[in-house]
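Trainee: Construct the entire structure; sequences and hints are all you get.
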Amino acid sequence: MRRKSRNARKGLDGLVKALSSLAALTGIVFLVWIICEVLIRGAQAFNWSFFTALPAPPGTERGGVAGAILGTVGIIALASVIGIPVGIFGGTYLSEFGGNRFGGVVRFAGNVMMGVPSIVIGLFAYGVIVLTLGHFSGYAGAVALAIIMLPVIARTTEDMLALVPNALRESALALGSPRWKATAAILFRAAKSGLITGVLLAVARVSGETAPLLFTALNSSFWPRDLNQPTANLTVTIFNYAMSPYQDWQRIAWGASLLIMAAVLALNVFTRVVLRERKR
Amino acid sequence: MIPEVKSHPPGAPEETRSEVVSSYLSAEVRISVRGLNFWYAGKQALFDNNLEVKTNKVTAIIGPSGCGKSTHIRVYNRIYKLYREQHAEGEVLLDGRSIMGEVDFIELRRKIGMIFQQPTPFPMSAFENVAYGLKLHYRMSKGELADRVEKAFRDAALWDEVKDKLDAPATALSGGQQQRLCIARALAVEPEVLLMDEPTSAIDPLATAKIEELIESLKRTYTLVIVTHNMQQAARISDFTAFFLEGRVIEYGITRQIFTNPSRKETENYITGRFG
Amino acid sequence: MKIRRKKRYRSTDVLFQYWSAFCALVIILVMAGILAELAVNSRLSLREFGFGFLVSRDWNPVTRQFGALSSIYGTLVSTAIAMLIAVPLSLVIALFLVELAPPALSKPVGFAIELLAAIPSIIFGMWGLFVLAPVMAEHVQPALKTAFGFLPLFQGPPTGIGMLTAGVILSLMILPFISAVMRDVFAMVPPVVKESAHGLGATTWEVTRKVTIRYGAQGLLGASFLGLGRAIGETMAVTFVIGNDHRISASLFAPANSIASTLANEFSEASEPLYLSALIELGLVLFIITLLIQAAARLWLRRLEKGAGVK
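Protein chains in written order, with this note's numbering: chain X, 56 to 335; chain H, 310 to 585; chain R, 39 to 349.
Hints may be right or wrong, so weigh each one.
Derived PhoX-like pairs: lysine-lysine, alpha-carbon spacing no greater than 25 Å straight-line [to be verified]:
| # | chain 1 | residue 1 | chain 2 | residue 2 |
| --- | --- | --- | --- | --- |
| 1 | H | K366 | H | K451 |
| 2 | H | K420 | H | K352 |
| 3 | H | K528 | H | K574 |
| 4 | H | K352 | R | K145 |
| 5 | H | K460 | H | K390 |
| 6 | H | K460 | H | K366 |
| 7 | R | K145 | H | K420 |
| 8 | R | K248 | H | K390 |
| 9 | H | K460 | R | K145 |
| 10 | H | K444 | H | K420 |
| 11 | H | K451 | X | K59 |
| 12 | H | K472 | R | K248 |
| 13 | H | K474 | R | K248 |
| 14 | H | K474 | X | K59 |
| 15 | H | K444 | R | K183 |
| 16 | H | K444 | X | K72 |
| 17 | H | K528 | H | K366 |
| 18 | X | K65 | R | K248 |
| 19 | R | K145 | X | K72 |
| 20 | X | K72 | R | K183 |
| 21 | R | K248 | X | K59 |
| 22 | H | K390 | H | K420 |
| 23 | H | K451 | R | K248 |
| 24 | R | K183 | H | K390 |
| 25 | H | K460 | X | K72 |
| 26 | H | K460 | H | K472 |
| 27 | H | K352 | X | K65 |
Which stretches of chain H does chain R cover? Using the computed rule of at least three CB atoms under 8 Å from a CB of chain R, they are [stated by the list, open to error]:
| # | segment |
| --- | --- |
| 28 | 356-364 |
| 29 | 409-420 |
| 30 | 428-442 |
| 31 | 490-498 |
I should point out that these hints are in silico values taken from the structure, not numbers from a laboratory.
Note that the structure is a prediction, hence the values are computed from the model and not measured.
For each residue, glycine too, the CB sits at the ideal point set by N, CA and C.
Mentor: Next comes the structure, spelled out in C-alpha cells:
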C-alpha cells in the first residue's frame, strides 16, 4: 500500500480549477465579442434613410428598414394580443385548478411544445392559415409567434402564481370574494412583477424569431398597411439581405440585427432589474 | 434538573476521586485553542475561545442552539475555508503545531475526521462509501482495500449488519446504520481526532444508544470532540465538557465537575434548565 | 336579493374556471394540431416515397426525387459536434459558478451566460457568417488540416462554411442552456454531503468527480438532453453557415445541410406540390425527433426528482 502523491492530487485540482475559470472566461469572451461586432457593424448602417426609407434595390445606398420596423412591431403586437391572455389564463388554470390529471397533461404538452423548433411551428401556421386562406399574411406570422409565446407565458404564470402564499388566497375567499375576483384583484397583483417578467421575456424571445415568419409573413418592400398580406419585418429582411452578395444590403442587415439585439437585450436586462428591485 | 452522573467514569475501575481528577488533568493535550475569533461575513460569531482537547478522551461541547458550538469545531479541520465569507483568527495547535495559516489540508483533514448531524452517505454502495477515503489517499490492491474496509466497519460496530449488503446502495440502510457508516468511513483513513456535530440528534433512541456505546470504545484509540445539545448525553459519555454561550467559552473542565459543581452562574442556569 | 347575488357569483366563477381551462386546453390542441397538420400535408410525399424517404440520399427538385438522409445526416453531425464541445464546457462552467467563484464573481458571470442564451438565433447566424466563418477559414481550419489532415474529417478546402462551423456556432448557442441546468443540479447537492467528502481530505475536484457528479448524474444527463433537443431544431444560426448543400461528406470542412436549414433555404423556392410535401415531411421528421428527445429528457428529469442520498 502506497501513499498517493499529495502534490499530484493538488496539481490536478489546480488544473481543473484553472480550466473552469478559463471556460467561464471563454463564455464571456464570446458574449462580448458577439455584442461588440453587432454594435460596431450595425452602427455603421445607421443613418437617416435607414430609419425612414423603404427597401431599395442594391447599390443605390438609399434603402432602409422603416417598413420592416413597423411590420415587426405590428406582428409582435398582434401576437401578444393573442398569446398573452391565453397564456395567462392557461397558466392561471394550471396554478389554481390544475392539480388534476388534465393539468398534468397540459403541463407535459406545454413542456414538449417549448422544445419544438420554431421552424416547425412556422410550418404549422403555414398549413393551417396560409394554405387555408390561400396567401401569405402577417396574421399567419402573428399566430405562429403567439403559439411560441403561449407555453412560455403559461409556465411562468403558473410558477409565479404558485409562489403566492395560500393564506392570501384563503383570506380573499374567506371575505366572500368570488374566485375570479380574488384571482384578478389579489393574486395577479401579488404576482405582478413575476407575471410581467414572464410576459416581457416571452416577447423578447419572439422578437428575434425568424424561422416562423419565413413561411407565413414572408417579407415585403412596402409599408405594412394590411396584415392580410405578406408583411415587411426585420428578421426576414436580415435573412434575405445577409445571404445576398450586395455590400450595402449586408450593411443594412447588420443595422437591423443591432436593432433586434438591442431590443432583446434591453428587455432581458430590464426584467432582471425590475425583478431584483421587487425582491428587496 | 441536574442530570445523574455516575460516581466514577464509565468503564474505568474503582478509583479514588482525586486519582481520576489528576489522571484527567495530566492527560496529553491533542488540540489546544487560544484566543480563537470567528466571523461570518463580517459578523463576529466566536469571541476569544480558549480550550484544550485531551488525547483519548471525549470532550463534549454543550450550550443553547446558535451559540457557536458547531462553528468552533469546524475550525479544527478548517472546513469553514470552503466558504469565502467565513474567517477565523487565533491560535489552534494540533499536537503542538499550528493548523491556521499555510497548512496541508489533505493531511489535516485525514487526521481530523468529521461526522455531521444528518447521516451523509455518498450516492454509492456501502463498500464504496468506506473505500472512498482510502482510495483518495492510498494506492492499494483489491485485497488490501477489502481488508481495510472490513476493519473500518468492525471498528464502527457495523460489520455484522452490512457484511451481506456491501454492494447495496448506502441509502438503503437505516438512519442509525447510515450514521455508523459515516463513522466507519471516517475511521477508514486512520484519523487521530473525530469531530462529531450532534451525531445522534437525527437518530432514533435505540440507534443512539448503539452510537454512544461505540463512542465509549472509540476513545481508547481516538480523541473525540462531540457537540451536543443533549445534556444528559454529555454527562453520560464525556470526560470533559465545555459550555458555550453566545460565542464564548464560559466554562470548561471535567464533566462531573461541570455538572455537579459549576463555577459560573451561566453554566448553572443552563444545566438546571433555566434557559436553552 | 342576497340569493340572487350569490347565484351571479357562482356562474361567473364557473365561467372563469371553464375559460381558463379552455386556455389550458389550447396548449394540448395546438400540440396535437401540429402533429396532425404536418402529417396531413406530407401525405403526398409519404405516398410517393414511403419509408425510403428516410434513407435516400437524393434531393433533386428537377427529377422530383427527394430523400431526407442528407438533411438528417447534417442535423446529426452538426449536433454531435455541438454536444462534444458544449457538454464538457458547460460542466466546468457550472463547476466554476457553484464551487469556485466568489459570490461577487459568480453572479455577473452567471448573468452573462444567461444573456448569451437570450441572443436571438439570427444574430448568431450573422456573427457566424461574417465573423466566425472567416476566422475558421483563415486560422482554425488550416491549423486543423496541418495537424490532423491525415484524417478524412479534416480534408478538403477550408472555406469556413460547412459542418464544422455550424457545429461550433451551435455549441455556443446551447452552452448557456446546458450550463444553467447543470448549475442548478450542482447547487442542489446538500452542502453537508460535500463537506463530508472534503472532511475526508479530498480536493475540490475529487469531491466533484466522485461525489457531486454522481449525486447529480441524472440531472446532468437531463441537462444534456435539453441541450440536444435545442441543437437539433436550431435553424437560423445553422442556415447561415452550413452551406446549403445536399451532400454527405466525410469531411467536416464540407458544406452540408440540416433539416432546419433545408426548410429555411428551400421553402420559398418550392413551387410544385411534391417538393412542398417533401419539405413538410422533413418538418414532420424533425418534429418527431424533437418530441422523442424532449419526452426522454423530461421523463429522465422526473426520475431525478425522486432523488437519492441525503434528504
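Trainee: Next step is simple, just say for each hint if it's right about the structure.
Mentor: We went through each hint and held it up to the structure:
A distance of roughly 34 Å separates the Cα atoms of H:K366 and H:K451; the hinted pair therefore is violated under the 25 Å criterion. For a cut-off of 25 Å, the pair hint linking H:K420 to H:K352 is broken: about 30 Å separates their Cα positions. Under the criterion of a C-alpha separation no larger than 25 Å, the hint pairing H:K528 with H:K574 is inconsistent with the structure, at around 31 Å. For the proposed pair H:K352 and R:K145, the alpha carbon gap of about 22 Å is at most 25 Å, so the pair holds.
At most 25 Å may separate the alpha-carbon atoms for a hinted pair to count; H:K460 and H:K390 exceed this at roughly 31 Å. At most 25 Å may separate the alpha-carbon atoms for a hinted pair to count; H:K460 and H:K366 meet this at roughly 22 Å. At roughly 36 Å between alpha-carbon atoms, R:K145 and H:K420 are farther apart than 25 Å, so this suggested pair is violated. For the given pair, R:K248 sits about 21 Å from H:K390 by alpha-carbon distance, which is consistent with the 25 Å threshold.
The hinted pair formed by H:K460 and R:K145 fails the criterion: a straight-line CA distance of about 46 Å is larger than 25 Å. With a C-alpha separation of about 16 Å, the suggested pairing of H:K444 with H:K420 holds against the 25 Å cut-off. About 16 Å separates the Cα atoms of H:K451 and X:K59, which keeps this hinted pair within 25 Å; it holds. In summary, the hint linking H:K472 to R:K248 is supported, as the alpha carbons are separated by about 23 Å, within the 25 Å threshold.
Between H:K474 and R:K248 the CA atoms are separated by roughly 21 Å; this keeps the pair inside 25 Å, and the hint holds. Restraint check: the Cα-Cα separation between H:K474 and X:K59 comes to about 29 Å, which exceeds 25 Å; the hinted pair is violated. Only pairs whose Cα atoms come within 25 Å are accepted, and H:K444 paired with R:K183 is rejected, the gap being roughly 42 Å. Under the criterion of a C-alpha separation no larger than 25 Å, the hint pairing H:K444 with X:K72 is consistent with the structure, at around 22 Å.
Restraint check: the Cα-Cα separation between H:K528 and H:K366 comes to about 6 Å, which is no more than 25 Å; the hinted pair holds. Only pairs whose Cα atoms come within 25 Å are accepted, and X:K65 paired with R:K248 is accepted, the gap being roughly 16 Å. For the hint linking R:K145 to X:K72, the alpha-carbon distance of about 18 Å falls within 25 Å, and the restraint holds. Taking the CA atoms of X:K72 and R:K183, the gap is near 31 Å; set against the 25 Å cutoff, the hint is violated.
Simply put, R:K248 and X:K59 have alpha-carbon atoms about 17 Å apart, close enough for the 25 Å limit, and the pair holds. At most 25 Å may separate the alpha-carbon atoms for a hinted pair to count; H:K390 and H:K420 meet this at roughly 17 Å. Distance check on the hinted pair: H:K451 and R:K248 sit about 19 Å apart at the alpha-carbon level, within 25 Å; holds. Proposed proximity of R:K183 and H:K390 is contradicted: the alpha carbons are some 47 Å apart, above 25 Å.
At roughly 35 Å between alpha-carbon atoms, H:K460 and X:K72 are farther apart than 25 Å, so this suggested pair is violated. Between H:K460 and H:K472 the alpha-carbon distance is near 11 Å, which keeps this suggested pair within the 25 Å criterion. Taking the CA atoms of H:K352 and X:K65, the gap is about 32 Å. The hint is violated against a cut of 25 Å. By the rule of at least three residues with a Cβ nearer than 8 Å to a Cβ of chain R, the coverage given for the segment 356-364 of chain H is violated, with 0 such residues.
Only residues whose C-beta sits within less than 8 Å of a C-beta in chain R count toward coverage, and the segment 409-420 of chain H has 6 of them, enough to reach three; the restraint holds. For the segment 428-442 of chain H, the stated coverage by chain R holds: 8 residues have a C-beta nearer than 8 Å to a C-beta of that chain, and at least 3 were required. Given a C-beta distance limit of less than 8 Å, the hint that chain R covers the segment 490-498 of chain H holds, as 4 residues qualify and 3 suffice.
Of the numbered hints listed earlier, those contradicted by the structure are 1, 2, 3, 5, 7, 9, 14, 15, 20, 24, 25, 27, 28.
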